[in-house]
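Please build the complete structure, drawing on both the sequences and the hints.
Numbering (the numbering used here) for the sequence shown: 183 to 430.
Derived BS3-like pairs (lysine-lysine); straight-line CA-CA distance at most 25 Å: (1) K272 with K287; (2) K316 with K254; (3) K254 with K384.
Label-pair restraints from in silico Cβ distances: (4) G329 with V379: 40 to 50 Å; (5) V308 with G376: 39 to 49 Å; (6) I243 with N366: 33 to 43 Å; (7) G267 with E238: 35 to 45 Å; (8) S367 with A234: 35 to 45 Å; (9) E344 with W270: 16 to 26 Å; (10) D259 with R371: 24 to 34 Å; (11) N366 with V308: 25 to 35 Å; (12) E375 with L260: 15 to 25 Å; (13) S367 with A389: 18 to 28 Å; (14) H271 with G329: 44 to 54 Å.
Worth flagging that the hints you see were computed from the coordinates, not collected in a lab.
Virtual Cβ for every residue (Gly too), placed ideally from N, Cα, C.
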Amino acid sequence: MVKIRSIVGIFAFVWGVQVATAMPPVQAGEASSEAAVNLVRNLSVQVAATLAETRERSPEIRQTRLHDLIRKGFDLDLTSQFVLGKYWHKANEAQRAEFKDLFAKYLLNSYARHLGSFDVETLQIVDTTPVGDKDILVETNIIGSDGSSARPVWRVRTADGEPRIIDVSVDGVSLALTQRREFNSVISRVGLEGLLVILRDKLTSQAGAIRRSSGAGKDAAGHRSLLASILASPNANPLSLMIAAGRQ
Numbered sequence: 183m184v185k186i187r188s189i190v191g192i193f194a195f196v197w198g199v200q201v202a203t204a205m206p207p208v209q210a211g212e213a214s215s216e217a218a219v220n221l222v223r224n225l226s227v228q229v230a231a232t233l234a235e236t237r238e239r240s241p242e243i244r245q246t247r248l249h250d251l252i253r254k255g256f257d258l259d260l261t262s263q264f265v266l267g268k269y270w271h272k273a274n275e276a277q278r279a280e281f282k283d284l285f286a287k288y289l290l291n292s293y294a295r296h297l298g299s300f301d302v303e304t305l306q307i308v309d310t311t312p313v314g315d316k317d318i319l320v321e322t323n324i325i326g327s328d329g330s331s332a333r334p335v336w337r338v339r340t341a342d343g344e345p346r347i348i349d350v351s352v353d354g355v356s357l358a359l360t361q362r363r364e365f366n367s368v369i370s371r372v373g374l375e376g377l378l379v380i381l382r383d384k385l386t387s388q389a390g391a392i393r394r395s396s397g398a399g400k401d402a403a404g405h406r407s408l409l410a411s412i413l414a415s416p417n418a419n420p421l422s423l424m425i426a427a428g429r430q
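Structure follows, in structure tokens:
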């Protein structure tokens, strides 16, 4: 059984998830907090339903459905700009556009591929905390069928009246910030164009894996999430491994 902490990197929206509220009802005047809580709660339910509905269908169909849900729930454009960091301002328009496209697809494929591989019983909404006048932190408690648990915190920002998840952290470690540091490290070694090449190659290999997948396999490698790899060690980051393998 995969420990619950290993699944936080794919946002813990999995087959069999139940959503529970472990906090007082949101009071009137806390519209932003209520919207943030509803986003996390509803997205988990929708993903669980999608996994159930597509269990006997092709991996391509399941992935497409999951992509749609993740795009609706997460602000991938803002996240892609953040993780590129100082290099965003140095990139030209063509490089920015390609990075946003490649990075979004890379994350979508990574999340969607692993979503059906875990068994989580409950997602509890624990608390909400405003951050400035833009963001709400939604603290959750995820309980696995084996009794393991984790407490990821989702950072939700409302733009144009639409709440979207922009980051998730566990044990105080931010996924977006960790990826930003990793991407900056990659670019410092191989340049922005080198990073784009790596992402293109990764997408090609992901597409091949999806075509070969039966949708039912749960091997140990498949259980490794993006965030779990990052948190384990800087050397375990997928991009670091790809560079090491491709440039020897």
